[in-house]
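Asks: Here are the chains, one letter per residue:
There are 2 protein chains.
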Amino acid sequence: MTEEPIEAVYRVRAPAAAIRARVEALLLEQTVELPREALRSAFALEHMVGSVLSTEEEGPGCYRVTLAQPALSAAGDPAQLLNVLFGNCSLQPEIELLDVRVPAGLAAAMGGPRFGISGMRKVADVHGRALTASVLKPVGLSVAESASLCGTLAASGLDIVKDDHGLADHPFCPFAERVRACLEATERAAQGTGRRTIYVPNLTGSPRTVISQARLAGELGARAVMVSPMVIGLPLLHELAGGLGMPILAHPALGGSLRIAPSALLGKLFPLYGADAVIYPNFGGRFSYDRAECAAIARALRSPDSAIAPAFPAPAGGMRVENVRDVLGFYGADTLLLVGGSLLGAPDGATLLSRCRRFVEEAHSFPYPP
Amino acid sequence: MTEEPIEAVYRVRAPAAAIRARVEALLLEQTVELPREALRSAFALEHMVGSVLSTEEEGPGCYRVTLAQPALSAAGDPAQLLNVLFGNCSLQPEIELLDVRVPAGLAAAMGGPRFGISGMRKVADVHGRALTASVLKPVGLSVAESASLCGTLAASGLDIVKDDHGLADHPFCPFAERVRACLEATERAAQGTGRRTIYVPNLTGSPRTVISQARLAGELGARAVMVSPMVIGLPLLHELAGGLGMPILAHPALGGSLRIAPSALLGKLFPLYGADAVIYPNFGGRFSYDRAECAAIARALRSPDSAIAPAFPAPAGGMRVENVRDVLGFYGADTLLLVGGSLLGAPDGATLLSRCRRFVEEAHSFPYPP
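Those protein sequence lines, which keep their order, are chains Z and U. Number 1273 marks the last residue of the first sequence (the numbering used here); no jumps. Number 1273 marks the last residue of the second sequence (the numbering used here); no jumps.
Careful, some of the hints might be misleading.
One side of the interface only, derived from the structure: several residues of chain U facing chain Z at Cβ under 7 Å [to be verified]:
| # | residue |
| --- | --- |
| 1 | T934 |
| 2 | E936 |
| 3 | Q983 |
| 4 | G1069 |
| 5 | S1109 |
| 6 | V1134 |
| 7 | G1136 |
| 8 | P1184 |
Residues from chain Z that keep clear of chain U, each with C-beta distances beyond 10 Å, as calculated [unchecked claim]:
| # | residue |
| --- | --- |
| 9 | G1008 |
| 10 | G1121 |
| 11 | R1126 |
| 12 | G1148 |
| 13 | G1187 |
| 14 | R1194 |
| 15 | S1209 |
| 16 | R1258 |
| 17 | R1260 |
I should point out that these hints are in silico values taken from the structure, not numbers from a laboratory. For glycine and all other residues, C-beta sits at the position ideal for the given N, C-alpha and C.
Given these sequences and hints, build the entire structure.
Replies: Quick look at the structure:
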């Protein structure tokens, strides 16, 4: 009764005459890390060595290779899974990780999104339309300024206002005071709007700090948090999701430079490790993903091929009040729309409020299901 | 009394006509994340916005750009420092991080190697020559097989025997039993050799698991541990180093694919976060670094430009018994030589023992200082 294998898809660049040997080396590198002839352990040969499922030529000297690795090699461990997928071969520039599929047992051990799309909709009490979000920035605002901005954004009817991912426990805007003040600001705004915007604090630091920030955020009444999994470490996202009891938004900082396809890293691994919504650079913004990449990320999040819950795509950037409906036409309404700079560039609070209201109206009026 | 800034050096690809604007955008992206004209906070403008120290043309459309970012932006936080250096701009393929210099205050907050070269020499009681090390692999060995291999390697007189980085708490070789058995194997070998080889367990998993493995390893008598900082998260390395009381070897898994120069990631950031010895792919092996890159990593580790202790370069791969002295000729004797596959490919235990003894003899006979 062996568990189904982990499937990993790579792009491998090698001359045709060498591809067979290159793929064999890749297969062994990720688990036993010795050539087959040096394996004198029968157990290792039988249970740790995977197999090559397919090698397809994509172009001259460029192959799409699918490996099956024993689920046992990952030991149900969120760190070791990364080693099996892209540990040592990350050091080999001719290798890219394109796709990942984990078997049901490992997916269950990893946990996946604990809230996902349906759980986040319940927490936000938003059904039948896209979620709208904006962000507290620039870093450098005081607690009072952050809370004031948070209050204005909440008053516009946004569903979510999140910290910038670069907001840490800075001395000019300490975490505990900021979270308390921003939650109060959303309470006050709710008296006008009739619905309480979810303020999402950014958790960052060493694991000890992140865990204690999470606890404090919960005690103060936060209903969701954000982390940057590549900055704090994917295994900490996994640990956090296991005991948090509220949705986690994941930010892609530090994650873009890996030779891992964004649809695999952001679309598959982030939710596998517990993200309920995944922020990624939308097409048309100041980052580099094109429409096809963005569509692939959204598809992977909403239709997981492992036994985990669907997660929200949260495209950010490249959005203005004027094109919200076009963006929703592209993604459909099971989307968390994150608009930052194009709103926050407003010259004053009144303009900011009216811009945000228009953004919210545009998003609310988009038909669902699309 | 403002602290000295963090200096970050990037390669930026942009047309000459656009480079000025591109560098301004990079400068702001990493801290305030809004265009200058949208910054309505005087504090943010004055204290969060860094400056461009230099922009040098390396070639057509390719520039070496040095930025000074306010130390305050990192908040003395090991996660937030990564954001300031390479958070959002990791998502922009035209940007590479080439070098990093942190001011003394931030270096002190980060801690650096707690043992470094001199502390590791004391722990190993090795002075006046290079340290020698090998590895327990393949993954798939049982506890008894691991301990037996560890005993053979220790009997050859190696200073260090470490776990493979892919060894987790696998059911066929559980962490606690493995560590206990391997430490006992080094004890037994010491009765023959007169000196006790340091067995280095690999810590991996979520932060909670890693911290509990570290505690257990210490209780069982381990004198050093290994982690893969990019797999478990650099901030966890920082947390671990703060309270561990023994040297930490750092493995580069998952770190190779970042658009960060290896000399910056492995040579500067790993020790800044607390690594006492840094393993990296040696030239001539199955990985991609060339001699110049390897020399730059070793130089950065041994001669830190921030106020932290020097750390051991631990080149791995591309080494055989026959070229140990050449490798030491290249690096000098303040080196931790890690030889794996070329020893472990031995057809039997007797051959393995004699090969390891030759490796040890070659390393011991290299003159110091070179």
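Asks: Could you check that no beta carbon of chain U comes within 10 Å of the beta carbon of Z/S1209?
Replies: At roughly 19 Å from the nearest Cβ of chain U, Z/S1209 sits farther out than 10 Å, so the non-interface label holds.
Asks: Taking the closest Cβ pair, is U/Q983 under 7 Å from chain Z?
Replies: With Cβ-Cβ at 4 Å, under 7 Å, it holds.
Asks: Have a go at the U/T934 hint: is there a Cβ in chain Z nearer than 7 Å to its own Cβ?
Replies: Constraint on U/T934 satisfied, holds at 6 Å.
Asks: Verify this label for me: Z/R1126 is non-interface relative to chain U, using a Cβ-Cβ cutoff of 10 Å.
Replies: The claim stands: Z/R1126 keeps its Cβ more than 10 Å from every Cβ of chain U (closest is about 23 Å).
Asks: With a cut-off of 7 Å on the beta carbons, see whether U/P1184 makes it to chain Z.
Replies: U/P1184 check passes; min Cβ-Cβ to chain Z is 6 Å, inside 7 Å.
Asks: Check the non-interface label on Z/G1187: least C-beta distance to chain U beyond 10 Å or not.
Replies: The claim stands: Z/G1187 keeps its Cβ more than 10 Å from every Cβ of chain U (closest is about 14 Å).
Asks: Regarding the hint that U/E936 lies at the interface with chain Z, is the smallest CB-CB distance below 7 Å?
Replies: holds, 5 Å
Asks: A cut-off of 10 Å on Cβ-Cβ distance, and Z/G1121 was said to be off the interface with chain U. Does that hold?
Replies: Correct as stated: the minimum Cβ-Cβ distance to chain U is 18 Å, above 10 Å.
Asks: Once the closest CB in chain U is found, is it more than 10 Å from Z/R1194?
Replies: holds, 16 Å
Asks: Test the statement that Z/R1260 is away from the interface with chain U: the closest C-beta pair must be farther apart than 10 Å.
Replies: holds, 19 Å
Asks: So is Z/G1008 really clear of chain U, every C-beta pair being over 10 Å apart?
Replies: holds, 13 Å
Asks: Restraint: U/G1069 near chain Z, CB-CB cut 7 Å. Satisfied or not?
Replies: Check passed: Cβ of U/G1069 comes within 5 Å of chain Z, closer than 7 Å.
Violated hints are absent here; each numbered hint is respected by the structure.
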